[in-house]
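Chemist: Those protein sequence lines, which keep their order, are chains A and B. If you count the first sequence from 1, you need to add 6 to reach the working numbering. If you count the second sequence from 1, you need to add 6 to reach the working numbering.
Note that these hints are calculated values from the structure, not bench results.
It does not matter which identical chain is used: a pair holds within one copy or between any two.
With a Cα cut of at most 30 angstroms, we get these calculated DSSO-like pairs of lysine-lysine: (1) K305 <-> K153; (2) K57 <-> K153; (3) K305 <-> K62; (4) K153 <-> K268; (5) K277 <-> K67.
A quick note: this is a predicted structure, and the numbers were derived from the prediction, not measured.
Protein chains: 2
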Amino acid sequence: MQNFKLKILIFLTFYKTGGVFLKELMSRFWAGEHRALARVISTVENELPGKDDILKEIYTKTGGAYILGVTGSPGAGKSSLVDTLVKEIRKNNEIVGIVAVDPTSPFSGGAILGDRIRMNEHALDEGVFIRSMGTRGSLGGLAKTTKEVVKVMDAFGMNWVIIETVGVGQAELDIMYIADTTVVVLTPGAGDSIQTMKAGIMEIADVFAINKCDLPGADRVEMEVEMMLNFRDDHIKWRPPVVKTSTFNTTKGIAELLEAVKKHRNHLSEKGIFLKRRQERASNEVLDIINYQWERLVKHHLGRPGQVSELLEKVTSREIDPYTASQSIIEWIIGDSGSQKSSSQ
Amino acid sequence: MQNFKLKILIFLTFYKTGGVFLKELMSRFWAGEHRALARVISTVENELPGKDDILKEIYTKTGGAYILGVTGSPGAGKSSLVDTLVKEIRKNNEIVGIVAVDPTSPFSGGAILGDRIRMNEHALDEGVFIRSMGTRGSLGGLAKTTKEVVKVMDAFGMNWVIIETVGVGQAELDIMYIADTTVVVLTPGAGDSIQTMKAGIMEIADVFAINKCDLPGADRVEMEVEMMLNFRDDHIKWRPPVVKTSTFNTTKGIAELLEAVKKHRNHLSEKGIFLKRRQERASNEVLDIINYQWERLVKHHLGRPGQVSELLEKVTSREIDPYTASQSIIEWIIGDSGSQKSSSQ
Numbered sequence: 007m008q009n010f011k012l013k014i015l016i017f018l019t020f021y022k023t024g025g026v027f028l029k030e031l032m033s034r035f036w037a038g039e040h041r042a043l044a045r046v047i048s049t050v051e052n053e054l055p056g057k058d059d060i061l062k063e064i065y066t067k068t069g070g071a072y073i074l075g076v077t078g079s080p081g082a083g084k085s086s087l088v089d090t091l092v093k094e095i096r097k098n099n100e101i102v103g104i105v106a107v108d109p110t111s112p113f114s115g116g117a118i119l120g121d122r123i124r125m126n127e128h129a130l131d132e133g134v135f136i137r138s139m140g141t142r143g144s145l146g147g148l149a150k151t152t153k154e155v156v157k158v159m160d161a162f163g164m165n166w167v168i169i170e171t172v173g174v175g176q177a178e179l180d181i182m183y184i185a186d187t188t189v190v191v192l193t194p195g196a197g198d199s200i201q202t203m204k205a206g207i208m209e210i211a212d213v214f215a216i217n218k219c220d221l222p223g224a225d226r227v228e229m230e231v232e233m234m235l236n237f238r239d240d241h242i243k244w245r246p247p248v249v250k251t252s253t254f255n256t257t258k259g260i261a262e263l264l265e266a267v268k269k270h271r272n273h274l275s276e277k278g279i280f281l282k283r284r285q286e287r288a289s290n291e292v293l294d295i296i297n298y299q300w301e302r303l304v305k306h307h308l309g310r311p312g313q314v315s316e317l318l319e320k321v322t323s324r325e326i327d328p329y330t331a332s333q334s335i336i337e338w339i340i341g342d343s344g345s346q347k348s349s350s351q
Numbered sequence: 007m008q009n010f011k012l013k014i015l016i017f018l019t020f021y022k023t024g025g026v027f028l029k030e031l032m033s034r035f036w037a038g039e040h041r042a043l044a045r046v047i048s049t050v051e052n053e054l055p056g057k058d059d060i061l062k063e064i065y066t067k068t069g070g071a072y073i074l075g076v077t078g079s080p081g082a083g084k085s086s087l088v089d090t091l092v093k094e095i096r097k098n099n100e101i102v103g104i105v106a107v108d109p110t111s112p113f114s115g116g117a118i119l120g121d122r123i124r125m126n127e128h129a130l131d132e133g134v135f136i137r138s139m140g141t142r143g144s145l146g147g148l149a150k151t152t153k154e155v156v157k158v159m160d161a162f163g164m165n166w167v168i169i170e171t172v173g174v175g176q177a178e179l180d181i182m183y184i185a186d187t188t189v190v191v192l193t194p195g196a197g198d199s200i201q202t203m204k205a206g207i208m209e210i211a212d213v214f215a216i217n218k219c220d221l222p223g224a225d226r227v228e229m230e231v232e233m234m235l236n237f238r239d240d241h242i243k244w245r246p247p248v249v250k251t252s253t254f255n256t257t258k259g260i261a262e263l264l265e266a267v268k269k270h271r272n273h274l275s276e277k278g279i280f281l282k283r284r285q286e287r288a289s290n291e292v293l294d295i296i297n298y299q300w301e302r303l304v305k306h307h308l309g310r311p312g313q314v315s316e317l318l319e320k321v322t323s324r325e326i327d328p329y330t331a332s333q334s335i336i337e338w339i340i341g342d343s344g345s346q347k348s349s350s351q
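So here's chain A without its partners, still in its complex pose (with noise of 0.2 angstroms):
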């Protein structure tokens, strides 16, 4: 009975104040606002009431982003090579929005104190957007997390997303799955060398960025890459280009930088890439959707006293098989459901 009124009390609460307070929120998000903006990635990244009513509201806005993917290994240069490659962008006057994930930091701390330096670069800039995200010691959350606020970005009408992070850890390279095109960013210097570099991360690079060329090496390292390039089977269908940037004391190759990446996106056009990819994702976005509601479905189900629970016991006792048990749960649960959808037609 507590937990009734309790449940009534935060039903109400929300009904009044969040109900309003989202639809007053996704009016100001559509407007154009940055802090609506950073209101809504909070929402959906840190699962705040809401969250499912935003991520259905804003998905038939998506896909108008082109996603950019930057990795690499830890200082390498990837904040500055992005924000000086975000600077070129903006000579198009498009928008940017870009998501600087960082899996070392467990809390979101050290991601904000990132934030506040980086936001003086384009502080007078209404034209970026940046926004850190701590994994929180989740890998496994990183991909889903990270998906949705790009979508966020997305539907706000970003032109470019650019996700933003490092090349550690298995769950890093599903950045491939989110980005359009993967950037991969290595520097000279003995702990950089391909052969020491983590398994698979050369596999997703659509584009490498030589940085810090000035150092002695990056003509090693280019080297090196190129070989590396050499002996691959795939390359007729897309050899990533190797450009050589740097950030330090002048810049260099940050527009040649952004060609290679257009270069890339017309290729994934071209070839229908670009569309069988979004076909791809969608499906399995619907996929892991059906699969969720399903599983819900069956927990429903299972926590019922009645023909289940008692079905249950007998596989407990070992009178029934759990295969035959299952096709009859099954069918219990689409005939019920069935016979539901058809009553209330």
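Place chain B on chain A using the hints.
Modeler: Frame of chain A; chain B shown alone:
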């Protein structure tokens, strides 16, 4: 058409040979033939045709065996300890199956060799059956296949099934989801201090065996374990006994180890934990099968041209959101299967 002919051919071949073969195999299995048991295990382990029928047929005969897990670091002397324990169990004429899981061997080569050496020990004893399994590099697959092989031995009529595994890798901790009682084997020596044991392995122990107890340092290990147990919250429910064992020159502590296992077994029965666990495992098993069947049903629908693929097109082109699409697809699948069911009745 080619494909269809092939399917018919496979079906007829299996129907003519496989089906009859399976029936004969299972009748020999139920008659208690060791060679038939070996064949059934191979069929299950290697996912050969007939596996599903076998698992379905044996299920109602399972539940009689007590499942004992034995785990510990490599070199802790688990195999010798298990062999000596089995001799102790055999004094009561109870029959024993041993599943030796070797996660370090990517292929079964090493495991088979291990089989042959150990078989000599129990070669003349019809009441012991040993089977080694390599995990073939897939740690994730360990739990499922091991569980299935244990079930086969259980249905065969074993009083005890002992799972012997090296305590490395997260998947190894899964032994606690299969075993009724888990014995963790420790040894004296610098490398095996409990401070250096991997996380989680201490928590899964229902009984501790300090093996090679003739070696110096055995008392220190025992003290460390007892101290750790003193700090635990839940030792009121069950405080794992610590038994010192040796199988080297003179056999020590084996009867005491079996006694400790039986004490835990009684504890599980008396507190109703045994039944509760069996219920949970049965429910989980049914749930797994239900979800697997559902995924097959969904894939079947997603693959067909028509309503569903049109809907996926609309999600790709952002005309509708994936949440609305999922809802419709679930209703179609349920409606479709529901009406098929009604019309077939």
